[in-house]
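Produce the entire structure from the sequences given, and follow the hints as far as they go.
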Amino acid sequence: MDRVAPGQLVLDLTEVQTLLFVPEISLHLAPDTMALWEAVDSAVGDGEIPPPFWATAWPGGLGLARFVLDHPEVVAGREVIDIGTGSGMVAIAAALAGATVVTACDIDAVAIAAAASNARLNGVELLTQTADVGDVGAARGVLITAGDVFYSVDIARAMGKGLEALARAGAEVLIGDPHRPLLPDSMLEPMVTYDLAVDPAVEAVSMKETMVARLSLAPEAVGEAGLEQSHR
Numbered sequence: 107m108d109r110v111a112p113g114q115l116v117l118d119l120t121e122v123q124t125l126l127f128v129p130e131i132s133l134h135l136a137p138d139t140m141a142l143w144e145a146v147d148s149a150v151g152d153g154e155i156p157p158p159f160w161a162t163a164w165p166g167g168l169g170l171a172r173f174v175l176d177h178p179e180v181v182a183g184r185e186v187i188d189i190g191t192g193s194g195m196v197a198i199a200a201a202l203a204g205a206t207v208v209t210a211c212d213i214d215a216v217a218i219a220a221a222a223s224n225a226r227l228n229g230v231e232l233l234t235q236t237a238d239v240g241d242v243g244a245a246r247g248v249l250i251t252a253g254d255v256f257y258s259v260d261i262a263r264a265m266g267k268g269l270e271a272l273a274r275a276g277a278e279v280l281i282g283d284p285h286r287p288l289l290p291d292s293m294l295e296p297m298v299t300y301d302l303a304v305d306p307a308v309e310a311v312s313m314k315e316t317m318v319a320r321l322s323l324a325p326e327a328v329g330e331a332g333l334e335q336s337h338r
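Just so we're aligned: the sequence shown equals residues 107 to 338 in the numbering used here.
The set of hints was computed from the structure by calculation and includes no laboratory data.
Possibly wrong hints are sitting among the right ones.
FRET-style restraints, in silico, Cβ to Cβ [unchecked claim]:
| hint | residue 1 | residue 2 | range |
| --- | --- | --- | --- |
| 1 | Leu117 | Met140 | 34 to 40 Å |
| 2 | Gln114 | Gly229 | 29 to 35 Å |
| 3 | Pro178 | Ser132 | 15 to 21 Å |
| 4 | Gly276 | Thr124 | 35 to 41 Å |
| 5 | Arg286 | Phe127 | 17 to 23 Å |
| 6 | Thr206 | Pro137 | 19 to 25 Å |
Glycine is no exception: its CB is placed at the ideal position from the N, C-alpha and C atoms.
Rendered as structure tokens:
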């Protein structure tokens with residue numbers, strides 16, 4: 107396959123799907139997740155970009171999107187920054203729920219292209235930023251969302267350190283996650299849980315319990331090294 111621009115890659119390798127758990131949102135998603143991962147490697151060069159996490163509606167993001175849409179008061183009138191945005195699903199939910207400004211952040215340029223395409227598909231406006239969590243700044247009162255970002259040791263450590271820093275700067279941090287092993291449970295205040303249907307080819311099961319939680323910096327929950335320590 108000839109190399110193509112990120113935006114065209116999204117359109118060429120996906121199909122528009124309306125999400126069963128979040129029917130308010132439609133996304134460009136992989137009809138076959140594993141086949142798409144192979145196609146992306148062929149299109150852009152093996153190892154040149156991260157795996158196409160943007161082409162799957164992950165359970166942590168689904169939970170966060172559902173929570174935001176069901177509780178628009180959480181985002182209405184606020185600035186929202188979605189970290190590790192992938193498809194942009196949570197950012198789109200925040201925009202639909204009344205956030206004033208929503209920024210979709212990801213280290214993957216193709217994910218940013220996917221988020222922009224999906225925003226147009228859903229008739230909302232997003233700002234985009236190609237950035238690592240450690241490069242994101244947020245003023246006091248900004249809402250940070252992060253869905254399914256504790257999936258590997260290195261990523262979990264970086265996300266933990268970055269999200270804690272944002273919370274200490276005064277941002278509110280909401281995390282969606284299907285109880286993956288690296289999730290720092292001791293620092294989270296659970297808000298709601300959902301039982302979600304997931305892709306068995308990706309998750310090895312057909313259903314996952316997914317939690318939406320607020321990152322807590324309460325003294326009893328935080329050791330000297332905080333979230334970073336919890337992943338060592």
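inquiry  = Between the beta carbons of Thr206 and Pro137, is the distance compatible with 19 to 25 Å?
reply    = violated, 35 Å
Could you check the hint for me, namely that Arg286 and Phe127 are 17 to 23 Å apart, CB to CB?
18 Å Cβ-Cβ, so the 17 to 23 Å window holds.
ask   = Is 15 to 21 Å right for how far apart the beta carbons of Pro178 and Ser132 are?
value = This hint holds: roughly 19 Å between Cβ atoms.
Query raised in the report: Could one say that the CB atoms of Gly276 and Thr124 fall in the range 35 to 41 Å?
Result: At 37 Å between Cβs, range holds.
Range first: 29 to 35 Å. Now tell me if the beta carbons of Gln114 and Gly229 are that far apart. With a Cβ separation near 21 Å, Gln114 and Gly229 fall outside 29 to 35 Å, so the hint is violated.
Checklist entry - Given a hinted range of 34 to 40 Å, is it respected by the beta-carbon distance of Leu117 and Met140? => result With a Cβ separation near 20 Å, Leu117 and Met140 fall outside 34 to 40 Å, so the hint is violated.
Of the hints listed earlier, those the structure fails to meet are numbers 1, 2, 6, in rising order.
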